[in-house]
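For the sequence shown, the tail end lands on 276 under full-length UniProt numbering, and the numbers increase by one without skipping.
No wet-lab data here; the hints were simulated from the structure.
Pairwise CB distance ranges (calculated):
{"#": "1", "residue 1": "V58", "residue 2": "H263", "range": "30 to 38 Å"}
{"#": "2", "residue 1": "A50", "residue 2": "V157", "range": "38 to 46 Å"}
{"#": "3", "residue 1": "H182", "residue 2": "D135", "range": "19 to 27 Å"}
{"#": "4", "residue 1": "Q176", "residue 2": "R33", "range": "55 to 63 Å"}
Every residue, glycine too, gets a C-beta built ideally from N, C-alpha and C.
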Amino acid sequence: MSDNQNLLAEQRRALILDEVRRRGGVRVNELTRRLNVSDMTVRRDLDALARQGFVAKVHGGAVPVVEPSTHEPGFEAKSSLEPTAKEDIARAAAAMAVPGSAIALSGGTTTYALAHQLLDVPDLTVVTNSVRVADVFHTAQRPGSSGGPRPGAATVVLTGGVRTPSDSLVGPVADQAIASLHFDVLFLGVHGISVEAGLSTPNLAEAETNRRLVHSARRVVVVADHTKWGTVGLSSFARLEDVDTLVTDGGLSAETRAEMSEHIPGLLIAGEDDTV
Numbered sequence: 001m002s003d004n005q006n007l008l009a010e011q012r013r014a015l016i017l018d019e020v021r022r023r024g025g026v027r028v029n030e031l032t033r034r035l036n037v038s039d040m041t042v043r044r045d046l047d048a049l050a051r052q053g054f055v056a057k058v059h060g061g062a063v064p065v066v067e068p069s070t071h072e073p074g075f076e077a078k079s080s081l082e083p084t085a086k087e088d089i090a091r092a093a094a095a096m097a098v099p100g101s102a103i104a105l106s107g108g109t110t111t112y113a114l115a116h117q118l119l120d121v122p123d124l125t126v127v128t129n130s131v132r133v134a135d136v137f138h139t140a141q142r143p144g145s146s147g148g149p150r151p152g153a154a155t156v157v158l159t160g161g162v163r164t165p166s167d168s169l170v171g172p173v174a175d176q177a178i179a180s181l182h183f184d185v186l187f188l189g190v191h192g193i194s195v196e197a198g199l200s201t202p203n204l205a206e207a208e209t210n211r212r213l214v215h216s217a218r219r220v221v222v223v224a225d226h227t228k229w230g231t232v233g234l235s236s237f238a239r240l241e242d243v244d245t246l247v248t249d250g251g252l253s254a255e256t257r258a259e260m261s262e263h264i265p266g267l268l269i270a271g272e273d274d275t276v
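Working from the sequences, and respecting the hints, build out all of it.
Next up, the structure:
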């Protein structure tokens, strides 16, 4: 961990959370030494992480909160988590979209942030099973001077299906629609990512729909902030080796970055110039 006194609160808490998850718990006095900050600062950070549901405070420190593998937060609940990281990831991922290409966006709050960044990429064909993502493009479809669609506006295909708590459409209807299509790039949000379980979700139907999305894509780009690392949902739907690029934020430790790099060819840290 860094001993930089000038770390922003969000960066410092990301480092603390990564340490908690990696080691299974931390003590306050250890964090004060490693971060070179006061006892009060560390305790405020742990209070903030506990309010967000990431850690549980114990006497003298904190341990990770292990959610049931079937727990699926709603879209609004997830929207409040790591907003800065998601915006950074969205900007970095949007630069990978080629004008005129066919792309797919899965459901999730990070892909929702990405959709806003893609509005200026011309002539995209966007396939999505996210109601929220489709609404972003629909709202932006302002008529041009001729009364028709705005020049360069995306063509959006919204799959049918059964709506999940995260506002994704899943199930046989979505699966059949996706199976007949082919995408240049899939931008995929995930509930959890780990070496052992790969990419996972708490929703069984969503797992199958995500498998179809991965299978239909020439290139798979996962967009996930650092808090998704080490989280495991009920059902795995892809291996890390199925991912071409992971776009994440700077909250990952050097050890975690190295571990990911052993399985994923491209690791892009949003906000940093280097690619591992």
